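Asker: Line by line, the protein sequences are chains A and B. Mapping of the first sequence onto full-length UniProt numbering: position 262 corresponds to residue 262, and the numbering continues sequentially without gaps. Mapping of the second sequence onto full-length UniProt numbering: position 34 corresponds to residue 34, and the numbering continues sequentially without gaps.
Calculated directly from the structure, the hints in this document are not laboratory data. Remember, predicted model here, so these are calculated numbers, not experimental data. From the three backbone atoms N, C-alpha and C, an ideal C-beta is built for every residue, glycine too. Among the hints, a few may not be true.
[Unchecked claim] To spell it out: a stretch of chain A is covered by chain B in this simulated footprint if at least three of its residues, at any positions, have a beta carbon under 8 Å from a beta carbon of chain B; those stretches are:
| hint | segment |
| --- | --- |
| 1 | 42-52 |
| 2 | 214-220 |
| 3 | 261-272 |
[What the hints assert, rightly or not] Straight-line C-alpha distance at most 16 Å; calculated EDC-like pairs for lysine to aspartate or glutamate:
| hint | chain 1 | residue 1 | chain 2 | residue 2 |
| --- | --- | --- | --- | --- |
| 4 | A | 19 | A | 263 |
| 5 | A | 20 | A | 259 |
| 6 | A | 151 | A | 167 |
| 7 | A | 98 | A | 179 |
| 8 | A | 20 | A | 179 |
| 9 | A | 19 | A | 262 |
| 10 | A | 35 | B | 80 |
| 11 | A | 151 | B | 64 |
| 12 | A | 23 | A | 263 |
| 13 | B | 72 | A | 214 |
| 14 | A | 151 | B | 80 |
| 15 | A | 13 | A | 263 |
| 16 | A | 151 | B | 11 |
| 17 | B | 72 | B | 18 |
| 18 | A | 255 | A | 26 |
[Claimed, not checked] One-sided and incomplete, this derived list gives chain A residues near chain B with beta-carbon spacing under 8 Å:
| hint | residue |
| --- | --- |
| 19 | 57 |
| 20 | 127 |
| 21 | 147 |
Each chain, letter by letter, is given below.
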Amino acid sequence: MAGQLREYRRRIKTVQSTKKITKAMELIAASRIAKARARVAASRPYAEEITRVISAVASQTTIAHPLTTERPEPTRAAVVVITSDRGLAGGYSSNALKRAGELVELLREEGKEPLLYAVGRKAGTYYRFRGRALAGDYTGFSEQPSYSDAKAVADALITAFTTPTEEGGVDEIHLVFTEYVSAMTQNAVAHRLLPMVLREHDEPPAGGPLPNYEFEPSAEAVLDALLPRYVESRLYAALLESAASESAARQRAMKSATDNAEDLIKTYTRAANRARQDAITQEISEIVGGANALASGA
Amino acid sequence: MPMRVAIVSPEQEVWSGDADMVVARTVDGDIGVLPGHIPMLAVLVRDQTVRVKVGGQEISAAVDGGFVSVTKEGVSILAESATIA
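With these hints in hand, go ahead and build the complete structure from the sequences.
Answerer: Structure, rendered in structure tokens:
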């Protein structure tokens, strides 16, 4: 009886220390969401201006630049998958990987050979375990990405994009990341980064009509210089969105873990109380029984 | 008539406000942009100082790489990295 009680107390202690960990992770994740959201907002002026400038250049010039022109017969496509470095974030990484899987399948059907770039330890392990060759593997910044992290990935992509296909380059760049909709909703999405998909100008773009630019030194040179900036800024935005989503997913997962731990503690406490009460009842009945035996014996 | 000037880096907007003139070095040479300049998009040289004149004062920013975009509304310096001196 006393043994049972001890066992319950031990379990309560274990669950309590787990709860402390999950609670701490929940709080950290919650504060990181806010931080990541603030950084998304801070990066927006640059990203919007770059996109606006590119749309303006592309709509004004007729030059065939690799940035905006579809290659005639694309045979290879880079797929960048953004996942987390650490687990304990619910379905966050597996959702992104599932979305990437669908995209890879689609690319194969279209006759393009997918080339994988894994961002985050989870994507790296996932593909290595399945024996897939990785063109790039980046880890260590999934929760708090900086612009130089985005630049490191973008550099590799641009090199691949500007290399002719026959020499191992790629014709297209796709990006799979997790969009932050709200604290409750995050969607794994796939976008094509390059060549750029230019929206038809049915409506005037945000911030008024596009200006009729003059280029210095030339439209081509400007586009050449814009290409890496565009890839970097899009990648950076995706990394930040993913970081916010990762933290939100982790906060949710850790919240339900904390709730479960609380339930367990409640159940075990009840069981422990019953065990203690049973032990006391038994002791009393033993004492009463013993006293009765003595009394009748005397 | 002042114009709207913004110096933005990928990570944040470094400076913005109304100014009278912007001086920057593009790959073709130094340019000074006054209000009412025609729309222009130019590539900036790496590692330079962009000067923004506001009233009698001058703000200098260390800018590395990027573009200057001049529109009717104002001037945007899109830098890879920028710091106000």
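Asker: Now look at each hint and say whether the structure bears it out.
Answerer: Status of the hints after comparison with the structure:
1. Restraint check on the segment 42-52 of chain A versus chain B: 7 residues with Cβ-Cβ distances below 8 Å, three needed, restraint holds.
2. Taking a C-beta to C-beta cut-off of 8 Å, the segment 214-220 of chain A contributes 4 residues in contact with chain B, enough for the three needed, and the coverage statement holds.
3. With 0 residues bearing a CB less than 8 Å from a CB of chain B, the segment 261-272 of chain A misses the requirement of three and the coverage assertion fails.
4. This hinted pair checks out: residue 19 of chain A and residue 263 of chain A have alpha carbons roughly 11 Å apart, not beyond 16 Å.
5. At most 16 Å may separate the alpha-carbon atoms for a hinted pair to count; residue 20 of chain A and residue 259 of chain A meet this at roughly 11 Å.
6. In summary, the hint linking residue 151 of chain A to residue 167 of chain A is not supported, as the alpha carbons are separated by about 23 Å, beyond the 16 Å threshold.
7. Note on residue 98 of chain A and residue 179 of chain A: the hinted pairing holds, with a Cα-Cα distance of about 14 Å set against a maximum of 16 Å.
8. Using a Cα cut-off of 16 Å, the hinted pair residue 20 of chain A and residue 179 of chain A is violated, with the two alpha carbons roughly 30 Å apart.
9. A distance of roughly 7 Å separates the Cα atoms of residue 19 of chain A and residue 262 of chain A; the hinted pair therefore holds under the 16 Å criterion.
10. Straight-line distance between C-alpha atoms of residue 35 of chain A and residue 80 of chain B comes to about 22 Å, which puts the hinted pair past the 16 Å bound.
11. Using a Cα cut-off of 16 Å, the hinted pair residue 151 of chain A and residue 64 of chain B holds, with the two alpha carbons roughly 14 Å apart.
12. Pair hint residue 23 of chain A plus residue 263 of chain A holds up; C-alpha atoms about 14 Å apart against a cutoff of 16 Å.
13. Taking the CA atoms of residue 72 of chain B and residue 214 of chain A, the gap is about 13 Å. The hint holds against a cut of 16 Å.
14. For a cut-off of 16 Å, the pair hint linking residue 151 of chain A to residue 80 of chain B stands: about 10 Å separates their Cα positions.
15. Restraint check: the Cα-Cα separation between residue 13 of chain A and residue 263 of chain A comes to about 14 Å, which is no more than 16 Å; the hinted pair holds.
16. This hinted pair checks out: residue 151 of chain A and residue 11 of chain B have alpha carbons roughly 12 Å apart, not beyond 16 Å.
17. Our distance criterion of 16 Å between C-alpha atoms is met by residue 72 of chain B and residue 18 of chain B, whose separation comes to about 14 Å.
18. Between residue 255 of chain A and residue 26 of chain A the CA atoms are separated by roughly 6 Å; this keeps the pair inside 16 Å, and the hint holds.
19. Interface hint at residue 57 of chain A: satisfied, since its Cβ lies 7 Å from the closest Cβ of chain B, which is below the 8 Å cut-off.
20. Among the interface hints, the one on residue 127 of chain A is violated; its C-beta lies about 28 Å from the nearest C-beta in chain B, farther than the 8 Å criterion.
21. Checking residue 147 of chain A against chain B: minimum C-beta separation of about 5 Å stays under 8 Å; hint holds.
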